[in-house]
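Now for the letters of each chain:
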Amino acid sequence: MNFPKPLAPLRENRPQLFIPLAIECVSAGFPSPADDYINSGIDLNEELIHNPTSTFFLRVSGHSMSNAGIQDGDLLVVDRSLNPHPGHIVIAVLDGAFTLKRLALKNETLYLEADHPNYPPIELWQYEDVQIWGVAVHSIHHLNSIATSK
Amino acid sequence: MTQAMALIDGNNFYAACEQNLNPSLSGRPVVVLSNNDGCIVARSPEARGLGISMGQPYFKVRHELKRLGVVVCSSNYALYGDMSHRLMSLLEKHCEQLEVYSIDEAFAQIHRPHDWDLRPWARQLRALIHQNIGLPIAIGIGSSKVQAKLANHIAKTISIHAGVFDLDITKNQDFWLKTIEIENVWGIGRQMARWCRMKGINTAQQLRDMPSNELHAKFGVRGIRLQNELRGKICLPLKMIPPPKQQTCVSRSFSRPVTSLKELHQVVSSHVIRASEKLRKQKQRAGAITVFTRTSPFSKPFYKQSATTQLNIPSNDTSVLLKASLGLTKQIFQPYHLLIKAGVLMQKLQSTDHLQSSLLDPYNSEDRQRRERLMKTIDKLNEHYGNGTMSWAAGALKQGWEMRHERMSSAMTTQTTRIPIVHS
Chain A
50 MNFPKPLAPL
60 RENRPQLFIP
70 LAIECVSAGF
80 PSPADDYINS
90 GIDLNEELIH
100 NPTSTFFLRV
110 SGHSMSNAGI
120 QDGDLLVVDR
130 SLNPHPGHIV
140 IAVLDGAFTL
150 KRLALKNETL
160 YLEADHPNYP
170 PIELWQYEDV
180 QIWGVAVHSI
190 HHLNSIATSK
Chain B
73 MTQAMALIDG
83 NNFYAACEQN
93 LNPSLSGRPV
103 VVLSNNDGCI
113 VARSPEARGL
123 GISMGQPYFK
133 VRHELKRLGV
143 VVCSSNYALY
153 GDMSHRLMSL
163 LEKHCEQLEV
173 YSIDEAFAQI
183 HRPHDWDLRP
193 WARQLRALIH
203 QNIGLPIAIG
213 IGSSKVQAKL
223 ANHIAKTISI
233 HAGVFDLDIT
243 KNQDFWLKTI
253 EIENVWGIGR
263 QMARWCRMKG
273 INTAQQLRDM
283 PSNELHAKFG
293 VRGIRLQNEL
303 RGKICLPLKM
313 IPPPKQQTCV
323 SRSFSRPVTS
333 LKELHQVVSS
343 HVIRASEKLR
353 KQKQRAGAIT
363 VFTRTSPFSK
373 PFYKQSATTQ
383 LNIPSNDTSV
393 LLKASLGLTK
403 QIFQPYHLLI
413 KAGVLMQKLQ
423 STDHLQSSLL
433 DPYNSEDRQR
443 RERLMKTIDK
453 LNEHYGNGTM
463 SWAAGALKQG
473 WEMRHERMSS
483 AMTTQTTRIP
493 IVHS
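Respectively, the protein sequence lines represent chains A and B.
Using our numbering, the letters of the first sequence correspond one by one to residues 50 to 199.
Using our numbering, the letters of the second sequence correspond one by one to residues 73 to 496.
Hints are supplied without guarantee of correctness; some may be wrong.
Restraint-style ranges between C-beta atoms, simulated for each label pair [stated by the list, open to error]:
| hint | chain 1 | residue 1 | chain 2 | residue 2 | range |
| --- | --- | --- | --- | --- | --- |
| 1 | B | 382 | A | 192 | 40 to 50 Å |
| 2 | A | 177 | B | 423 | 51 to 61 Å |
| 3 | A | 168 | B | 127 | 42 to 52 Å |
| 4 | A | 177 | B | 457 | 36 to 46 Å |
| 5 | A | 100 | B | 423 | 26 to 36 Å |
| 6 | B | 120 | A | 120 | 34 to 44 Å |
| 7 | B | 234 | A | 177 | 35 to 45 Å |
| 8 | A | 193 | B | 457 | 17 to 27 Å |
| 9 | B | 243 | A | 165 | 39 to 49 Å |
| 10 | A | 177 | B | 286 | 54 to 64 Å |
Pairs of lysine to any residue residues, derived as SDA-like cross-links and limited to a Cα-Cα distance of at most 25 Å, are as follows [what the hints assert, rightly or not]:
| hint | chain 1 | residue 1 | chain 2 | residue 2 |
| --- | --- | --- | --- | --- |
| 11 | B | 165 | A | 93 |
| 12 | B | 452 | A | 98 |
| 13 | B | 165 | A | 99 |
| 14 | B | 165 | A | 178 |
| 15 | B | 452 | A | 101 |
| 16 | B | 452 | A | 144 |
| 17 | B | 165 | A | 97 |
| 18 | B | 165 | A | 144 |
| 19 | B | 138 | A | 144 |
| 20 | B | 228 | A | 178 |
| 21 | B | 452 | A | 93 |
Okay, the calculated bits of chain A under chain B, using three or more residues with CB under 8 Å as the criterion [to be verified]:
| hint | stretch |
| --- | --- |
| 22 | 117-131 |
| 23 | 136-149 |
If you are wondering where the hints come from, they were derived from the structure by calculation, not from laboratory data.
Glycine residues also receive a C-beta, built at the ideal position from the N, C-alpha and C atoms.
Construct all of the structure, not just a fragment, from the sequences and the given hints.
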């Protein structure tokens, strides 16, 4: 089996990979007037992870959230520190497995809804033991997933 | 303003980590085994409820566990380490001062509010930790470390306290101290506990109230300190900065006995590689190295041996340390013994900040810098792509050598290829 490269563990002092906003070509002679303004880069960790201690990653399997833009095989960034509210896409623990659904409130009843007509909504009260494990904040989707699939 | 001391720890930490990231385990009895699948070191509340006790050797209870439907996990330190790091950084954010005491325990110093009651703070903290990382914690509060530890014990064992207990605010402190058996007093040690029992001192309350001069005569300052802590006087302050390590040890039991020098070399080398890595991480160099090995304590004849050598120039360079360990391994090896454990001990550690240069140094400063860069590169590669991505051939382990961990869950929070699945 061929595994993709593992990432570094998630840490408070996470490694930072800065993609410079602009790179000046080396030109003989005078230094570029733009050099003094390149003082920051884009750190994707900072962009995607606001609370490193409470952020976990999960891999999506299935198609029930495809209309919400979450595809099979996507990498989900889940922040457990957020309080779930209706409208959030959440990770619920149902029957001993992680389930990805949208939390919805209708007629004072909480539902877990799929974004796909084939999956009926789940009424939370019907379950004795249901836990909202975390709130999904980003889904990282590989655009050329066929070419680079696992 | 009065200071209070709290002991905060994870309930069944290892088992809780396993259950938290694998929902199919929640509500089911789970036990975690020690290194090499030796004995039970953690139990989920469900497993505890089945009467499974701590410390039992796995091979003895294997069938019983199977019959009871208990889920058995090998220890997964990548996972526990990551969860511990998360727990401690959250605690640091919410406590005034924190001393991380072990992988799942920390002492915290906090000011008491005007109404003296820290329980709302503790309950909030508990809820916050549970929401953020999914782990249950218990919080014991007192005036000293020993009191905090006792309070934590009470918080955990008596369910109505819901994981929070404050020994200083309770009206019947004597009642609670009476429920604590003398052996459960933190830091008492076997010897002092036995002496107390002989004198008819059986509970924490009796120890607190006994005449101090007797304790002093028998155990000196240590006894007095313990008693004062029980009375609520701080004798053991928070250690904010852990003292730099004086030695670093890497040792393992093997999954099957080692009998040849060649195999022992391999095992020791892999330990040296790991230990040098640790040294570099701690920014230290070793001035001496010890290699040791032994047979099983039950085997006859029992054999154990160790050998030490001083290094002329302290080092954390894997190649240098490997070379030094080679001769030592030869010294300690004797044929016809079934060796089941070997290890290396890096001693006389000193910080890399102050290096004594020496005339004996085989490397000039340019060479030295090159070596340091090489080590740094190798460490980075291994950190990034997983341990053992790049290593020394001397430590290349043949399959079947490494520790037994047949039932290990994966590095669910630290490697992208191992993250749990969510169904949608």
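Checked hints:
1. B/382 - A/192: 40 to 50 Å: Roughly 59 Å apart at Cβ, these two residues miss the hinted range, so it is violated.
2. A/177 - B/423: 51 to 61 Å: holds, 57 Å
3. A/168 - B/127: 42 to 52 Å: Since the Cβ atoms of residue 168 of chain A and residue 127 of chain B sit about 47 Å apart, the hinted range of 42 to 52 Å holds.
4. A/177 - B/457: 36 to 46 Å: For residue 177 of chain A and residue 457 of chain B the Cβ distance comes to about 44 Å; the hint holds.
5. A/100 - B/423: 26 to 36 Å: Given a distance of about 34 Å, which is inside 26 to 36 Å, the answer is holds.
6. B/120 - A/120: 34 to 44 Å: holds, 42 Å
7. B/234 - A/177: 35 to 45 Å: Violated: the Cβ-Cβ distance is about 21 Å, outside 35 to 45 Å.
8. A/193 - B/457: 17 to 27 Å: Given about 22 Å between the Cβ atoms, the range holds.
9. B/243 - A/165: 39 to 49 Å: violated, 59 Å
10. A/177 - B/286: 54 to 64 Å: Check passed, 57 Å falls within 54 to 64 Å.
11. B/165 - A/93: holds, 24 Å
12. B/452 - A/98: Satisfied, since the Cα-Cα distance of roughly 23 Å is no more than 25 Å.
13. B/165 - A/99: At roughly 15 Å apart (the allowed maximum being 25 Å), residue 99 of chain A and residue 165 of chain B satisfy the hint.
14. B/165 - A/178: violated, 31 Å
15. B/452 - A/101: The hint holds at about 21 Å.
16. B/452 - A/144: violated, 41 Å
17. B/165 - A/97: Status holds; Cα separation ~21 Å.
18. B/165 - A/144: violated, 34 Å
19. B/138 - A/144: holds, 22 Å
20. B/228 - A/178: OK: residue 228 of chain B and residue 178 of chain A at ~24 Å, within 25 Å.
21. B/452 - A/93: The hint holds at about 20 Å.
22. 117-131: n = 6 at 8 Å, threshold three: holds.
23. 136-149: With 7 residues closer than 8 Å to chain B, the stretch 136-149 of chain A meets the three-residue bar; holds.
The structure shown violates the earlier hints numbered 1, 7, 9, 14, 16 and 18.
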